[in-house]
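Start from the sequences and build out the full structure, keeping to the hints where you can.
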Amino acid sequence: MTDKRLKIGIVGAGNIGQLLAFQLSNDCDVQLLSHRVTRLSSIDASLTELDGIISQRHFPVIPSCHTSIADLDVILVCVKAYQVIEALEPLLPNLNPHAHLILMHNGMGPYLSIVPRLKVTQGLSLATTSQGAFRKSQWHVTHSGNGLTQIGHIDGTPLTISAQKHILKNIPNCEWKEDILTALWHKLAVNAVINPLTSLHQCRNGDIGLPKFDLVVKEVIVELIQVAKAEGVLLDLTEVTQRVYDVIKLTANNRSSMLQDVEAGRQTEIEFINGFIEKQAKKHEIACPKNQELRQAILELNQ
Numbered sequence: 425m426t427d428k429r430l431k432i433g434i435v436g437a438g439n440i441g442q443l444l445a446f447q448l449s450n451d452c453d454v455q456l457l458s459h460r461v462t463r464l465s466s467i468d469a470s471l472t473e474l475d476g477i478i479s480q481r482h483f484p485v486i487p488s489c490h491t492s493i494a495d496l497d498v499i500l501v502c503v504k505a506y507q508v509i510e511a512l513e514p515l516l517p518n519l520n521p522h523a524h525l526i527l528m529h530n531g532m533g534p535y536l537s538i539v540p541r542l543k544v545t546q547g548l549s550l551a552t553t554s555q556g557a558f559r560k561s562q563w564h565v566t567h568s569g570n571g572l573t574q575i576g577h578i579d580g581t582p583l584t585i586s587a588q589k590h591i592l593k594n595i596p597n598c599e600w601k602e603d604i605l606t607a608l609w610h611k612l613a614v615n616a617v618i619n620p621l622t623s624l625h626q627c628r629n630g631d632i633g634l635p636k637f638d639l640v641v642k643e644v645i646v647e648l649i650q651v652a653k654a655e656g657v658l659l660d661l662t663e664v665t666q667r668v669y670d671v672i673k674l675t676a677n678n679r680s681s682m683l684q685d686v687e688a689g690r691q692t693e694i695e696f697i698n699g700f701i702e703k704q705a706k707k708h709e710i711a712c713p714k715n716q717e718l719r720q721a722i723l724e725l726n727q
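What the sequence shown shows, in our numbering, is residues 425 to 727, in sequence order.
By construction, these hints were calculated from the structure, which means they are not laboratory data.
Incorrect hints may have been included.
Said to hold, decoys possible - Under the rule of at most 35 angstroms between Cα atoms (straight-line distance), these lysine-lysine pairs were calculated in the DSBU-like manner:
| id | residue 1 | residue 2 |
| --- | --- | --- |
| 1 | K560 | K593 |
| 2 | K653 | K706 |
| 3 | K593 | K543 |
| 4 | K707 | K636 |
| 5 | K707 | K653 |
| 6 | K653 | K642 |
| 7 | K560 | K601 |
| 8 | K601 | K706 |
| 9 | K589 | K673 |
| 10 | K653 | K589 |
| 11 | K673 | K636 |
| 12 | K611 | K589 |
| 13 | K601 | K707 |
| 14 | K611 | K673 |
| 15 | K601 | K642 |
| 16 | K601 | K428 |
| 17 | K611 | K431 |
| 18 | K589 | K428 |
| 19 | K653 | K611 |
| 20 | K543 | K703 |
| 21 | K601 | K653 |
| 22 | K589 | K431 |
| 23 | K636 | K706 |
| 24 | K589 | K601 |
| 25 | K673 | K642 |
| 26 | K636 | K703 |
| 27 | K706 | K642 |
| 28 | K431 | K601 |
| 29 | K431 | K593 |
| 30 | K560 | K611 |
| 31 | K703 | K642 |
| 32 | K601 | K673 |
Unchecked claim - Simulated DEER-style distance windows between Cβ atoms:
| id | residue 1 | residue 2 | range |
| --- | --- | --- | --- |
| 33 | F558 | S466 | 17 to 25 angstroms |
| 34 | H482 | K593 | 15 to 23 angstroms |
| 35 | K589 | A721 | 39 to 47 angstroms |
| 36 | R463 | P635 | 53 to 61 angstroms |
Note that this is a predicted model, so its numbers are computed, not measured.
For each residue, glycine too, the CB sits at the ideal point set by N, CA and C.
Right, dumping it as structure tokens:
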């Protein structure tokens with residue numbers, strides 16, 4: 425007897441959302457969900473694989489308020505951190521009573537607003553990915569790197585073993601992380617250093633590895649570790665610092681997502697990166713002047 429096909433809805437058809445839609449559709453039923461459409465439709469999407477082969481898929485596009493949402497087992501949310509609440513608002517009342525949400529975005533914080541709104545039979549996991557993808561056109565994404573993807577339970581009813589198996593099998597280099605919060609704080613350290621500094625200095629990621637940035641990098645990380653400890657997450661300074669510099673080196677030629685947002689005049693995720701550190705620091709009466717300074721500087725760029 426084989427497992428039934430997992431039904432997955434993906435909120436956020438950006439680069440990563442489309443990439444994951446292709447990967448998961450290998451043996452799952454995947455639909456794209458949107459609060460911006462009012463009727464059922466569909467799209468033909470293309471993916472250029474790492475080996476250059478172009479794959480094509482046909483995906484249904486479902487309004488978030490549509491009754492068919494109740495058939496979905498898993499909702500994978502791949503929007504910007506500041507878009508999570510808006511995207512889920514019309515969707516939550518229509519979810520299957522046993523549906524499981526997975527949030528995947530830069531920064532931290534939105535899950536704290538989602539947890540109180542879940543039914544006791546529903547669950548929430550958090551995820552982070554280092555997979556690379558860029559858009560050739562609206563519905564044609566190129567897979568540019570097979571980075572690590574980590575998923576872990578955070579609240580409510582855990583994701584079923586069967587659903588875990590399907591997701592881990594289809595997303596390359598994907599692992600289940602029992603201590604997902606520690607992994608997310610590590611990722612937050614990377615984002616808290618690279619995103620604001622590349623944006624303020626209009627440079628590529630690799631430039632942040634120059635000696636002139638050493639002090640500010642250390643200050644950001646030390647403050648983050650103090651706040652994480654107050655939140656019950658113990659991080660090692662040497663380990664976190666090494667992780668930050670490893671990512672700087674591995675992505676040396678990249679232009680950070682925040683730099684791209686600043687250049688395009690778009691809202692950034694600063695409030696969910698350095699701003700999240702500052703907010704949690706205030707809760708515990710911890711001083712974090714460097715993260716506060718970077719947050720304010722980024723906010724002033726788009727004024």
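Going down the list of hints, with the structure as the test:
1. K560 / K593: 27 angstroms, holds
2. K653 / K706: 14 angstroms, holds
3. K593 / K543: 28 angstroms, holds
4. K707 / K636: Roughly 32 angstroms separates the two Cα atoms, so the pair holds.
5. K707 / K653: Holds. K707 to K653 sits at ~13 angstroms (cutoff 35 angstroms).
6. K653 / K642: 17 angstroms, holds
7. K560 / K601: 32 angstroms, holds
8. K601 / K706: 29 angstroms, holds
9. K589 / K673: Since the Cα atoms of K589 and K673 sit roughly 33 angstroms apart, the hinted pair holds (cutoff 35 angstroms).
10. K653 / K589: Answer holds: K653 to K589 is near 32 angstroms, not above 35 angstroms.
11. K673 / K636: 16 angstroms, holds
12. K611 / K589: 24 angstroms, holds
13. K601 / K707: 27 angstroms, holds
14. K611 / K673: Holds - the C-alpha atoms of K673 and K611 are around 15 angstroms apart, at most 35 angstroms.
15. K601 / K642: This hinted pair holds, its Cα atoms lying about 27 angstroms apart.
16. K601 / K428: 24 angstroms, holds
17. K611 / K431: 29 angstroms, holds
18. K589 / K428: 12 angstroms, holds
19. K653 / K611: Cα-Cα ~16 angstroms, so holds.
20. K543 / K703: 27 angstroms, holds
21. K601 / K653: Holds, at roughly 19 angstroms.
22. K589 / K431: Answer holds: K589 to K431 is near 13 angstroms, not above 35 angstroms.
23. K636 / K706: 29 angstroms, holds
24. K589 / K601: Distance of about 13 angstroms is within 35 angstroms: holds.
25. K673 / K642: 16 angstroms, holds
26. K636 / K703: 28 angstroms, holds
27. K706 / K642: OK: K706 and K642 at ~20 angstroms, within 35 angstroms.
28. K431 / K601: At roughly 22 angstroms apart (the allowed maximum being 35 angstroms), K601 and K431 satisfy the hint.
29. K431 / K593: Within the cut-off at roughly 15 angstroms; holds.
30. K560 / K611: Within the cut-off at roughly 27 angstroms; holds.
31. K703 / K642: Distance of about 20 angstroms is within 35 angstroms: holds.
32. K601 / K673: Holds - the C-alpha atoms of K673 and K601 are around 25 angstroms apart, at most 35 angstroms.
33. F558 / S466: 17 to 25 angstroms: For S466 against F558, whose Cβ atoms are near 24 angstroms apart, the range 17 to 25 angstroms holds.
34. H482 / K593: 15 to 23 angstroms: 22 angstroms, holds
35. K589 / A721: 39 to 47 angstroms: Since the Cβ atoms of K589 and A721 sit about 45 angstroms apart, the hinted range of 39 to 47 angstroms holds.
36. R463 / P635: 53 to 61 angstroms: 57 angstroms, holds
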